[in-house]
Amino acid sequence: MSNKQCKVLVCHGTGCVSGGSEQVYSLFKNELKNSGYDEDIYVKRTGCHGFCQQGPLIVIEPVGIDSQREGIFYTKVKTDDVPEIIQSLLPGGRPLERLFYRDPSTNQTIPHYHDIPFYSKQERTILRNCGNIDPEDINDYLAVGGYKALHKALFEMTPEEVISEVKSSGLRGLGGAGFPTGRKWEACSRASGEEKYVICNADEGDPGAFQDRSVMEGNPHSVIEGMIIAAYAIRARNGFIYVRAEYPLAVKRLKIAIEQARQKKFLGARILDSGVNFDIEIFQGAGAFVCGESTALVRSIEGKRGRPKPLPRARTSEIGLWNKPTLLNNVKTFANIPLIISNGPEWFAKRGTEKSKGTAVFSLTGKVVNCGLIEVPMGITLREIIYDIGGGISGGKAFKAVQTGGPSGGCLPESMIDMPVDFDSLSLAGSMMGSGGMVVMDEDTCMVDVARYFLDFTQRESCGQCIPCRLGTRQMFKILDDITKGRGRPKDIDLLLELSEAISRSSICGLGQTTPNPVLTTIRYFRDEYEAHIHQKRCPSGMCIVRMEGD
Amino acid sequence: MEKISITIDEQDILAQKGATILEVALANKIYIPHLCYHPDLKPAGSCRLCLVELDNGQLVTSCRTPVREGMVIGTRSHEVDRVRRPLVEMLIANHHMDCKDCAKKGRCELQRIRAYMKIPKKSLERLRLPEEKLPLDESNPFFVRDHNKCVLCGICVRTCQEIQKVSVIDFAGRGNNTKIATFGDKPIAQSRCESCGECVIRCPVGALVPKNLRRPAHEVKTICPYCGVGCGIFLGIRDNAIANIRGDSDSPVNRGNLCIKGRFGYNFINHPDRLTTPLIRIASKNSDELRVTSNEFNKDKGLSLVTCHLSLFREASWDEALELVANKFKNYKGEEFALIASTKCTNEDNYIAQKFARVVMSSNNIDSSARLCQAPSIAALIEATGIGVVTSSISELEKATSILIVGANITRSHPVIGLRVKKAVENGAKVIVVSPKEIDICRYAEIWLRPYPGTDVALLMGMSQVIIDEELLDTAFIKEGCENFEDFRKSLEDFRPGRVERITGVSREKIAEASRIYATSKPAAILWSTGITQHSHGTDNVLALVNLALLTGNIGKHSSGLYPLWGQNNALGAYDTGCLPDFYPGYQAVAHPEIRKRFETAWEVSLNPKAGLTLTEIFQATLEGRIKALYIIGSDPASSIAPSQKVREALKRAEFIVLQDIFFNETARFADVILPGASFAEKDGTFTNTERRIQRICKAIEPVGNSQPDWQIICELARRSGSSGFDFNSPEEIMSELASVTPVPHISGFPTHNGKGRFTPLEYRIAAEVADIEYPLILTNEKNLYSGGLLSQKVEGLNILRGKGFVEINSKDAQDFGIKDGEMVQVISRWGEIKVKAKVTDAAPPGVVIMVSDEGTINLLTNPSLDPVAKTLETKVCAVRIVSQT
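Chains as they are written, first to last, in my numbering: chain A, 71 to 621; chain B, 31 to 916.
Just chain A, with the same shape it has in the complex:
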């Protein structure tokens, strides 16, 4: 075959980078340059491919043929493998079978990206270009149609038309609460005031969640383009991306992307020579989980202590940053916008359920064979995610529960495994979509300990402003801690339920209000485990036993 345009895509998501993909990449560069093959073989960095467990990942793409199908997928690549991979790409070379993905259930090797079950059940739209383009090169994004949506919005649509398309797409906020995006845009656009702001909430803080990070690292321009379109729609001139300081790679790539976008006149004064002005500033969070809450985030940008504002208060879309109307959306919500504008709302609404349109991105982790970043259509069942994409429970153990929505979410038992995954079904079951963490638990997991883990997190991260959250989470954590250590008291379950109700009904913000969810769902679905700990001083999963005996 003609190797003239062979492409080696080296994943540069945080997972693969920590596995050594940067070294692999530079070795490729050097080797190709030294051998003179750099004319024929083109190596580039990409964002996350999602299958982080198998990293560092490399995809080989012969350009010109349907790359979607033909991508050869190498897993766990080390620098030692680089010379051999180069050899394999030369005339007469053959793919390296030892680096193929091996399906643990069948023990068969699978050479092509899209034949791997982890990918075949997914529908990657937001993530589609993440593993495909160089996130530090705007030209790569432009080559896959980037900023065409912006062009279309600016020159073919009025701001009202943009809002109307977003509305009819049915897109709901992907930060967790699922508020209809179009309605938020409309409210913000109607709010009075010359000065308005667009803020991208990239303060992803749930333990085990990394979807937003992957999007920013893998395809930062999709977020920026979404923000510019939003700014055009609501007539804002300034924007902020509020990103955790714990995401240095995302910050770096966003900075590069913003600079490149400015050079190409997508940002700044008179965007693409239109009359539209908009620029984006990156604001790095200082490590408080609660700053993901919209009003706390706004205060944080204002230079104040990040504390949520109590109700009754005006919506941020009306009175937000510096008391101006402010549009605040999640990273993935913005990343969806260019797709909706380019492909039309009908295309977007094709996926998902009646009330939850489009796709959802999850960080699939825990006791599941295939961990990683996945994108699935709304309405897919938990079973499909865990067994088809996740490859089932690792080590042949039995499934016990799945936790969604991070510290605000709940634990769902096996009886609910055929439940569709969408905003409304999850909250009905006592959990929530949240930011998109999904932790799978097997028979060895102690559900009291899981609840204790999440309450430990929230009691540390409570902003301390309101009594229910500050003292309530602390009290619940202490009780759960006692239970797991064999010090539970007979009425502790009732006390936990009593406290849960008080906390969820009186806390100022969503953080406090949803804090009891892990406790409530584990009591609802696994009460027997609590009772065993309290009354028999026994941990049914065997996890807490050591600690109990030690007491």
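There's no promise every hint is true.
[Claimed, not checked] If you only want the chain A side, here are some residues facing chain B, beta carbon under 7 Å, derived:
#1 Pro382
#2 Gln535
#3 Leu541
#4 Lys548
#5 Ser576
[Said to hold, decoys possible] Subject to a maximum C-alpha distance of 30 Å in a straight line, what follows is the list of computed DSSO-like cross-link-like pairs (lysine-lysine):
#6 B:Lys151 / A:Lys555
#7 A:Lys394 / B:Lys453
#8 B:Lys152 / A:Lys607
#9 B:Lys540 / B:Lys520
#10 B:Lys467 / B:Lys216
#11 B:Lys453 / A:Lys374
#12 A:Lys555 / B:Lys152
#13 B:Lys151 / A:Lys607
#14 B:Lys834 / B:Lys824
#15 A:Lys548 / B:Lys163
#16 B:Lys658 / B:Lys315
#17 B:Lys363 / B:Lys676
#18 A:Lys561 / B:Lys163
#19 B:Lys195 / B:Lys251
#20 B:Lys869 / B:Lys824
Read the hints as simulated data drawn from the structure, not as lab findings. Built from N, CA and C at the ideal position, the CB exists for glycine as well.
Since chain A is already given, all that's left is putting chain B on it; use the hints.
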């Protein structure tokens, strides 16, 4: 106001529209538990205890939810209780419940809530209790912070933000580790805390409590004795002693706010150092004791005051002492006698004092330390506007659109007026600060001009020049209400921007910007204090300010005008009541024969027609032997008048000195007889504050020891001298006589001869001393928050916070002169030298060093140059050099 009807707990209530549910409930005596709500602050909605149930089943925080027509509210419903009960239980379980020993016992909101909700001990036992105990912060001498009792309601944080507006404290940490902390979580005494105590009085629990708290048996409403603001206070009394002080929220002056001195500085009243009996000198005036300086006098040498004055004086009865004084004074009638009246005594005391000098002693040599403060303002204002007083009230300041603050470190010298300025800023006012030093109010300023000390006339005339140049003047006002404009305009020729820039060191752009703000943001007020008046051209400075106000029509209108800020509580009162060498009460000229005749009729005596000497002239005359007897009431010329060495020489020279005071001060060492006066807490009368509000002070305790109210002492002395007209039974009787001899002031227009305000052409004159080779630095001074004369020095906590005196020097100068931060240096002027610690700071501009004015020692250095009109000393500019001691 529109009323709406709502129902709370099945009770129909007519509520104010716009009020919150909690406000309406509390106003109707329906208690809803709350911790973070305080009527003076914006509702935070953070404690969540004030939840109520609406008829749709929704639970809302009543402190943030406004009432709506037809609202049906349940404050004690089952649902509310179910949600609130666990919160209160956790709060109590998390609180160190040593209620028995707690200073807040019986006044604790948490105790009240627990009682209201009837929470039994049993229900707390279900909960897990905290293990950790946090250390107390006892660093502030006046209050204790106890984190273990803190409920994190944030009232203290919001008080500091919204009321005092210094934001010293905030929430720190997260979750269970959340606490109220200063920057860097340092002890509060190491923060910028101004110890105003506003947070302490608002803390609902025992987390912030005053030290040595004693609960008063009853309270007496009166006026704070410290500065010219004249805050209303309640003295809490127990066992004939002051137990506490709280601000009077009904006072239009302070509306309940107080500064550190007003709230905590009352220990001087019952201080063991109080003079309690008359004393008569036994030692010769040439005794070595006179060489002991004031610092050594106090503690350093271990010489107690009692042993010290016992070696100089013996105790005497009132009878003996007054007989002696009356007999002695007989020999000095006329020009040989002078009376120094007190800026701390009441109007009634002062009226009697000047009457004594004029009627009994036939002398017009009457003055007070007000001479050193705002005499130039009186002179200039009378000259240009016809009346020597502030033109608007303190409370109007909040509505000013711009405020020019010149020569006043307002947050320290007049802290409660400082609050009004900050409030005005919050309301959108633009503040222009003119100060060589970077002072606190600069942080709230739109623009800060930093002129070289002593160049105010150039700066202010330069501003007038800009206003005329840019046609920002109020032509109609000038035409109708003013005179002498053309002469004034001509004199501005000398104040072109380039020249002004070179004289003042302030760029012409900045001067122009400040001028524009002042001239266009109306109404505009001007505030000034001793930074303007204590110059050899102090009267010119004030005239320059008056010119600015006339030029822009910023006078005689609401929230505009001229605000001279008086330092002492009754300095203005001393002047108003006639403690002046050239004016009878009410600024009626001694020189005017008709007026004199009127007073002769009223007082039934023939009066000395010759105007007397001013304060500074009195001591010059004493030094020269022309004045031989001095009656000094409630003042300390030995330390308050510069140059101190000269004044002390004069005091030594005098043949007979009577000092009447509440403490043994520096001047006391030169006295022949010392008479113990009663403090403000021990007498009735009136004080006149800086806005000329005459306010009633009320006797709260019996005079300490054998001390007596000053008016009583003077009246008795007059009687013993054989004079009539001093048979007063009460301050009230004195006030009616004072009123009968004082004209009613004008109500509208300028009270000048033709009803017009007068522009004054001015020229720039340099200060008496300028930096030269030998004395290359200019010493100026400022007010310290913790200083209020001798009274404050008797308050231990204020002494602790004030610390030792220091001289502030710019880092560049420090480098040039080899001065290290914290080292002892010698400050040397043409007039004297002192040793003091150096503080290297860029708050002082290069070329200028700054000391605190209340340290009497500064008068050892400053020069005797006088303002030619008001005879006020040039305390603000003095050439010095600084020599390292190491």
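Please list, smallest to largest, the hint numbers that this structure does not respect.
Failing hints: none at all.
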